[in-house]
Structure formats: C-alpha cells, structure tokens
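Protein chains in written order, with the working numbering: chain A, 266 to 692; chain B, 266 to 692.
Don't read these hints as lab results, they were simulated from the structure. Please note that a few of the clues may not be correct.
Which copy? The list can't say, so a pair holds if one copy fits it or any two copies do.
[As the list claims (entries may be wrong)] With a straight-line cut-off of 20 Å between C-alpha atoms, the simulated DMTMM-like cross-links for lysine to aspartate or glutamate are:
#	residue 1	residue 2
1	Lys686	Glu400
2	Lys538	Glu388
3	Lys397	Glu367
4	Lys397	Asp555
5	Lys532	Asp685
6	Lys686	Asp355
7	Lys617	Asp685
8	Lys686	Asp401
9	Lys538	Asp616
10	Lys686	Asp486
11	Lys397	Asp685
12	Lys617	Asp355
Keep in mind it's a predicted model, so treat the numbers as computed, not measured.
Number of protein chains: 2
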Amino acid sequence: MADSPPTRAAQPHVVIVGGGFGGLYAARALRRAAVRVTLVDRRNHHLFQPLLYQVASAVLDPSDIAFPIRAAFRRQRNVHVVLDEARRVDLERGVLQLRADEIPYDFLILATGASASYFGHDEWSPYAPALKTIEDALEIRRRVLLAFEAAEHDPDGAAAWLTFVVVGGGPTGVEMAGAFLEIARNSLAHDFRNIDPRLARVLLIEAGDRVLGTYPEELSDKARAQLERLGVDVRTSTMVTEIDDAGVMAGDERIEARTVLWTAGVKASALGKSLGAPLDRAGRVEVREDLTIPGHDNVFVVGDLAAAHTGPEARPVPGVAPAAIQGGRHAARCIRRRLAGQGNVAFRYRDKGSLATIGRAAGVADFGRLRVSGFVAWVLWLTVHIFFLIGFRNRLFVLLSWAWSYFTFQRGARLITGVDKDLLPPT
Amino acid sequence: MADSPPTRAAQPHVVIVGGGFGGLYAARALRRAAVRVTLVDRRNHHLFQPLLYQVASAVLDPSDIAFPIRAAFRRQRNVHVVLDEARRVDLERGVLQLRADEIPYDFLILATGASASYFGHDEWSPYAPALKTIEDALEIRRRVLLAFEAAEHDPDGAAAWLTFVVVGGGPTGVEMAGAFLEIARNSLAHDFRNIDPRLARVLLIEAGDRVLGTYPEELSDKARAQLERLGVDVRTSTMVTEIDDAGVMAGDERIEARTVLWTAGVKASALGKSLGAPLDRAGRVEVREDLTIPGHDNVFVVGDLAAAHTGPEARPVPGVAPAAIQGGRHAARCIRRRLAGQGNVAFRYRDKGSLATIGRAAGVADFGRLRVSGFVAWVLWLTVHIFFLIGFRNRLFVLLSWAWSYFTFQRGARLITGVDKDLLPPT
C-alpha cells in the first residue's frame with residue numbers, strides 16, 4: 266500500500282476489516298479521532314443483510330439495500346477504503362496480509378462476519394442455497410420464479426415444482442417462508458394458464474422445538490400461528506437428514522421439492538483462525554470482555570466473527586446487526602481512550618429487542634417488557650429497518666417499493682437473470 | 266404443449282416469437298381479436314433496451330427497465346406466455362420448434378431481434394463486451410467501477426485503467442461515452458484517495474465520418490460538439506483493427522485502455538435462417554412490403570430481425586424501437602384483416618423522429634422539420650422514454666432515479682457484483 270507507509274505518517278493507523286455493520290460503524294465512530302483508518306472489504310458495498318430476503322423474494326432491487334463503502338466515507342477524509350481480500354493476520358509483526366500487499370496496523374478491528382454452514386454437509390449447498398450475498402439473493406429469486414415457469418411448462422410434474430422448503434426457523438427462515446407463500450398467493454396468482462400458483466406449498470423445517478428460538482416463547486408461538494394462518498406448513502423438532510435435487514428428508518418423511526432454501530446455520534469467517542485465539546464450535550473468536558484477543562489489547566473482534574459475552578452473568582452476545590454496530594462502536598471507543606492514555610473498557614451489549622416480519626402486515630416484536638405481534642409489530646419492523654438503512658436514496662426507494670407492493674400485491678423485481686443455461690425450465 | 270392443441274380449439278392460433286417491442290405490441294394489438302395467441306420468449310421479461318445503457322452506467326436498476334411478460338398479459342386472457350427457446354420454423358408443417366416441444370401455428374410473427382456483431386472478430390468479445398441484455402449491462406457496470414478500483418490499487422498503472430474506449434458512434438455509443446465521463450467527473454470525483462477520477466479519458470471511435478450517422482448531418486455536428494465540450498475524445502473515420510486485454514488499435518494509433526465497450530454492429534437473430542427466405546448481410550430477413558416472407562403470407566417478420574422497406578421509394582426501415590412497435594402492430598392488423606376475409610396490406614413506416622442524450626442535460630432531437638439540441642432535446646428524450654416504459658412502477662422509479670441523480674450527481678446502483686474471482690482489482 267504505497268499510500269500508507271507508517272514511517273511517513275504521524276498518526277496511529279487503525280485497520281478495519283469488513284464493511285458490514287461492525288466495520289462501518291467502527292470507522293464512523295473514529296471520524297474525529299486523530300488516527301488514519303484503512304477499511305478493507307472484498308466487496309465494494311455495505312450490504313443491509315436484514316433486508317436481503319426481500320431481494321430474494323423480488324420486492325427490492327440489490328442497490329436498494331447496498332451502498333458503496335467509498336461513498337459512505339467520501340467526506341470522512343481520515344478513512345481510506347481498500348477493495349481487497351484480507352488473507353491473514355500476522356500478530357507478531359503487526360500486519361494484515363492481503364492478496365499481494367500487507368498493511369501494518371497499530372490497532373486492528375476484525376469484522377468479517379459469517380457465512381452459511383451446512384454442518385458438514387457441504388454437498389447440500391447446490392440444492393439448498395443460503396442467503397448471504399446479493400448473488401445468493403438473485404440466485405434464490407431465479408430459482409423461485411423459474412419453479413413456477415417449470416410447473417407451467419410441465420403441469421403433470423407441477424407438485425414438486427410448487428413445493429418450497431425453507432430449512433431453519435430463525436428470522437430469515439420465517440421471513441422467507443412468508444414471502445414464498447405471498448409470491449404464490451398474490452403476486453403470481455393470475456399470471457399462469459396451465460397451473461394455479463395459489464396451490465403452492467411452503468414448508469418451514471426447524472430442528473429445535475420452536476421457530477424464532479432466541480425470542481421469548483410467547484412470540485415464537487405467535488409467529489408460528491401467524492405462519493400457519495398464512496398457510497405455511499411449520500414442522501418443528503424435525504431434522505433434515507438429506508437434500509438432493511428433487512427434495513429433502515425431513516425426519517422420517519421424504520418431501521418432493523425442487524426449491525429448497527438453507528437458513529439453518531452459520532460459520533464464522535476463516536480470518537479468525539489466523540489469530541491463534543481459541544475459537545468456538547462455529548469458528549467464532551473467543552474474545553475477552555473488552556472484545557480483544559488474549560495478549561493483544563490492540564486487536565478487536567466484533568460482530569458475527571466474535572463469540573462475545575456481556576454483563577455480570579456473561580451472557581452470549583447474539584449474532585444480530587445491533588450487536589455488530591455496538592461492537593464496532595465499542596472498539597472505536599477503546600481506541601479513542603487509548604489515544605487519550607486510558608485503557609480498554611468492557612463491552613456491554615444493550616439488547617434493543619428483536620423483530621421479525623411474517624408476510625403481509627404481520628410480525629412479532631420483543632422489546633423486553635413490551636411484546637407485540639401482528640400489524641403493530643409489522644409497522645415497527647418497517648420503521649426500524651428504514652431507519653438503519655444507509656443513504657437517503659435507499660430509504661426512499663425501499664419505502665416506495667414497499668408501498669407499491671402493499672397496495673398492488675405485486676413485486677417489482679420479478680426478473681429471472683443469470684447465466685444462459687439456467688434461464689429456462691428443464692425440458 | 267399440452268394446452269394448445271389445434272384440434273381442440275376453434276380459434277386461429279397466432280404464435281409470436283420474442284417479447285421485445287415488436288412481439289409485445291403485436292400481442293397487445295390482438296387483444297380483441299378472435300384468436301389464441303402464444304407468445305414465446307427465452308427471457309421472462311420485456312426489456313426496455315433504449316435505457317439499458319443507464320443500467321450499465323449505474324443510474325438505474327435492472328428491474329426499472331424490465332417488466333415480466335406474464336404480468337403484461339395478466340388480464341389479456343387470449344395470450345399464453347411460454348418461457349422457452351424457439352429453435353426453428355418448419356414452414357412445410359406450419360410449426361414452431363422449441364427445445365423439446367413444437368407449436369403449430371396459423372399465423373406466425375417472428376420478432377427475435379438482433380445481437381452484437383464483431384464483423385468476423387468474435388475473439389474481441391471478451392475484451393469489448395456489447396450491451397444487449399441485463400447481464401451485459403451488469404458486466405459493463407462491473408468493469409467500469411472496477412477500473413477505478415484497479416487504478417486506486419495501482420496508481421502507477423492508472424493511466425490504462427482510467428482510459429475508456431467506446432467503439433461505435435451510434436446512439437448507444439454516444440450515450441455511453443457521455444455516461445462514462447460523468448461517472449468519472451461527477452459521481453466518483455471525491456471517493457478515491459490515491460487517484461483523481463476526474464483525470465479519466467473517454468474515447469469514442471467511429472468508422473464512419475460522423476457520429477449518429479443515421480441522423481441529419483447538422484445534428485451529428487451538434488452531438489459531436491456536445492461530446493467534446495463534455496471532454497470526450499471523438500475520433501471519426503477511424504477503424505478499430507485490434508482489441509486485446511490492454512487496449513485497442515484505432516487507425517494507426519495504439520490506445521492503452523483496460524475498458525472497452527462495443528456498440529459498433531449488430532447481426533440478426535439466427536432464427537431467421539430457418540425461413541429459407543433471402544437474408545441481407547446482417548442476417549436480417551428480406552421481407553415483402555407487407556412484412557411477410559415470399560410464399561407465406563401468414564408468416565410475418567418484424568423489428569430488428571427484418572430487412573424491411575417502406576414507401577414508394579422503398580427506403581429501408583431503421584432498426585429502432587418505434588419501427589419494431591409499428592411492425593408488430595402492422596402484423597396484428599393484417600391478421601385481423603385476414604380473419605375478416607380481407608388481405609394483407611403494405612407496411613408504411615412513420616418516422617416519429619430520432620433522439621439521443623449526451624450526458625447531463627444535453628442531447629439532440631430530430632423530428633423532421635423540428636430539430637433541436639441541448640437542454641430541450643434532453644427534456645424531450647426524458648419524456649418520450651418515460652412514456653414508452655411498460656408499467657407504472659417502472660415509470661415512477663426511473664423518474665425518481667433520474668431526479669435523484671440529477672440533483673445529487675450520484676448514481677444509485679454503484680455495485681460491483683458477479684462471480685467471486687471478478688470482484689477484486691488484479692494484484
């Protein structure tokens with residue numbers, strides 16, 4: 266990196282890896298600090314993951330929920346954005362290794378997040394894509410829309426094409442299952458001549474004994490009831506033991522389904538391994554209470570890459586966007602304290618509550634003492650998500666897309682795109 | 266096709282191939298006719314090609330300019346949409362062959378358009394992509410945005426990364442050249458730290474002696490002047506004789522450029538060959554004055570696939586959207602006449618004028634007696650394009666995107682997306 270030699274620069278160098286919630290908010294929180302910041306990401310955009318399922322379900326466009334990282338820091342002149350892939354941290358020498366360069370750091374914040382985990386069954390991934398990137402979302406959109414085309418093309422084999430299985434009953438799974446059903450019931454209802462899309466089945470399969478397992482039980486029950494009222498076939502305490510190109514084994518039952526979505530598990534980014542610190546089963550870095558790693562009080566790990574604990578009871582910090590934001594800000598705060606000659610402080614996670622939406626005008630919300638469901642939860646969900654979107658244009662366009670979809674029952678991004686061979690139903 | 270056996274159905278069967286302007290308007294013009302219509306396309310969406318360059322230049326999203334063909338005919342119950350690829354026309358038996366099925370027709374309308382032609386140099390296509398599909402546009406967007414990232418990554422080699430060559434001075438070439446320059450000058454101006462994007466060069470290379478060769482000479486001159494005022498290096502009467510991964514040979518000069526766009530030529534869709542009718546040099550079907558082929562007055566060819574002539578002077582019909590719309594409507598009108606016991610009539614192309622936009626708030630327009638340039642032409646261009654977009658949502662979102670880009674100088678779709686290995690600058 267010709268532009269940031271530590272010898273020339275007087276200010277301490279903070280290197281942040283990852284432009285998700287953790288990294289983005291860490292860099293922002295350093296805007297008035299006397300530091301040089303280098304933010305490394307392998308994508309040119311910050312992605313608002315909580316709305317990614319709406320790209321997969323053809324409501325939003327990719328650029329509605331993504332924002333160029335460079336543009337986010339246009340006016341914050343102490344931030345230097347580097348589009349590159351971080352390969353390894355060399356703690357001895359205090360450098361971050363990229364593909365071909367390396368960057369020396371005084372402080373390091375790792376926020377590279379997590380990707381899908383198939384729990385040792387990576388061979389399932391071609392049949393059951395996960396939802397982590399824009400490309401994943403467009404692939405799922407393609408599969409869902411093409412499934413209806415395939416059913417129209419071959420009405421005799423329609424049943425398996427009109428069966429959609431979502432594996433995993435967390436917020437993404439719940440939201441996707443609701444969205445699949447509404448595509449079939451509303452958006453496509455009158456568009457076909459040989460099949461009736463309204464006959465589509467959606468199954469939500471969860472290994473645990475309830476959906477939204479991290480929410481209060483009362484809200485899990487309400488979410489399940491709302492899903493079932495929509496028409497989703499919810500199967501809890503059911504393990505998926507096999508996935509192939511024609512269906513899944515769920516418990517003892519074989520379900521013929523051509524479209525399967527995987528939302529059941531995540532594993533932390535591989536970058537954490539190079540720290541040499543202990544990792545938990547999901548590959549997350551076991552951080553200390555100040556979010557640093559043992560022996561290196563200038564190396565912070567935040568967001569989904571960290572196995573953090575909070576409070577006197579050392580409760581685990583959940584892998585959600587607000588935790589990543591708070592973690593990023595905490596790391597920035599510690600760095601500012603260090604510059605002022607003070608020490609790191611312990612991270613305290615403030616649980617702002619949990620939200621999930623379940624199809625049209627329904628949802629559940631948990632704000633500790635306040636628990637709501639149905640329409641009120643849905644409106645809260647809309648408001649919070651608009652608020653945390655980066656960029657005025659994104660907020661405006663997402664709001665308008667939602668309004669349009671709500672009133673017309675249509676979806677504005679119903680495109681089958683991709684590589685040529687995948688655009689047509691099988692013959 | 267289980268659903269459309271001619272023995273069961275009493276009404277004549279009109280098969281339309283292609284959901285572009287020609288096919289879409291033909292099907293619409295048959296909405297009150299006592300016919301069954303089958304519309305075959307290999308994509309699930311109608312694409313508004315005249316605005317595709319705005320997807321390539323990160324202003325619009327793909328779904329802003331595309332509309333699901335099924336949704337367009339939701340309420341027109343005599344239209345059956347089939348997502349499939351037409352392989353061959355069997356005139357003897359009166360059937361259209363798809364990948365695995367075949368469809369018998371009473372009337373056939375072919376409107377499969379054209380793709381890029383490299384004039385025998387297909388080996389140039391990886392280095393100089395053309396702009397015909399949504400995937401093409403996203404690929405060009407990726408290359409343009411990544412070029413600036415590569416320059417930032419390697420400031421010493423920046424010159425070739427910051428040189429953009431557009432081959433072909435037709436409307437798409439002129440519009441793209443203006444857009445490239447504005448990305449560099451406005452949208453990205455302050456986003457980099459190692460390079461100044463405003464130093465980017467854009468060259469427009471045209472083999473003929475003027476840009477917009479099909480427009481009146483006066484407007485070609487004005488377009489050239491507007492391009493040069495923007496800062497585009499316009500080279501007319503210049504042949505491109507070589508394109509590789511590092512640049513182009515333009516006349517006698519080697520230009521080092523990492524990003525090249527091809528807008529120089531088109532060839533008609535291969536489906537025309539199976540008709541056995543004479544083809545012109547670009548592979549277009551030489552149709553009779555009623556747009557049918559010799560010996561088959563029930564087989565129409567419209568839009569860019571047809572080499573049609575109009576009027577007493579038999580002037581060639583240009584390959585533009587209004588000509589395709591008029592051709593599609595003409596074919597539908599002939600079919601309605603035939604059902605009423607009358608014969609086909611000759612196609613008369615009504616030239617509604619030509620428009621091109623040149624960057625921000627500039628353009629040229631030719632409406633026969635009325636020729637305007639600059640801001641007025643630009644406003645006309647905006648109005649006409651909004652009017653011909655399919656769907657209220659598309660119109661609203663395109664208008665808002667334009668307004669936002671106009672006032673902020675930003676581009677709302679600045680995403681580098683695609684396959685993993687192509688997302689990072691070379692090391």
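We went through each hint and held it up to the structure:
Taking CA atoms no more than 20 Å apart as the test, Lys686 paired with Glu400 passes in both settings, with 17 Å inside one copy and 13 Å between copies. Neither within a single protomer nor between protomers do Lys538 and Glu388 lie at most 20 Å apart by alpha-carbon distance, with minima of 23 Å and 44 Å respectively. In this assembly of identical chains, the alpha carbons of Lys397 and Glu367 never lie at most 20 Å apart, being 27 Å within a copy and 40 Å across copies at closest. Taking the shortest alpha-carbon separations for Lys397 and Asp555, neither the intra-copy value of 28 Å nor the inter-copy value of 53 Å comes in at or below 20 Å.
For the identical chains of this complex, Lys532 and Asp685 are inter-copy neighbours only, at 19 Å across copies versus 32 Å inside a copy, given an alpha-carbon limit of 20 Å. Taking the closest pair of Cα atoms, Lys686 and Asp355 never come within 20 Å of each other, the shortest separation being 43 Å inside a single copy and 24 Å across copies. For a Cα distance limit of 20 Å, the shortest separation of Lys617 from Asp685 qualifies neither inside one copy, at 45 Å, nor across copies, at 35 Å. In the homo-oligomer, the alpha carbons of Lys686 and Asp401 lie at most 20 Å apart both inside one protomer (17 Å) and across protomers (15 Å), since each shortest distance falls under that limit.
When the C-alpha separation of Lys538 and Asp616 is checked against a cutoff of 20 Å, the pair qualifies neither within a copy, at 28 Å, nor between copies, at 66 Å. In this homomeric assembly, Lys686 and Asp486 never come within 20 Å of each other (Cα to Cα): the closest approach is 43 Å inside a single copy and 44 Å across copies. Only between protomers do Lys397 and Asp685 lie at most 20 Å apart by alpha-carbon distance; the minimum there is 13 Å, versus 23 Å within a single protomer. When the C-alpha separation of Lys617 and Asp355 is checked against a cutoff of 20 Å, the pair qualifies neither within a copy, at 36 Å, nor between copies, at 66 Å.
Of the numbered hints stated above, those contradicted by the structure are hints 2, 3, 4, 6, 7, 9, 10 and 12, listed in ascending order.
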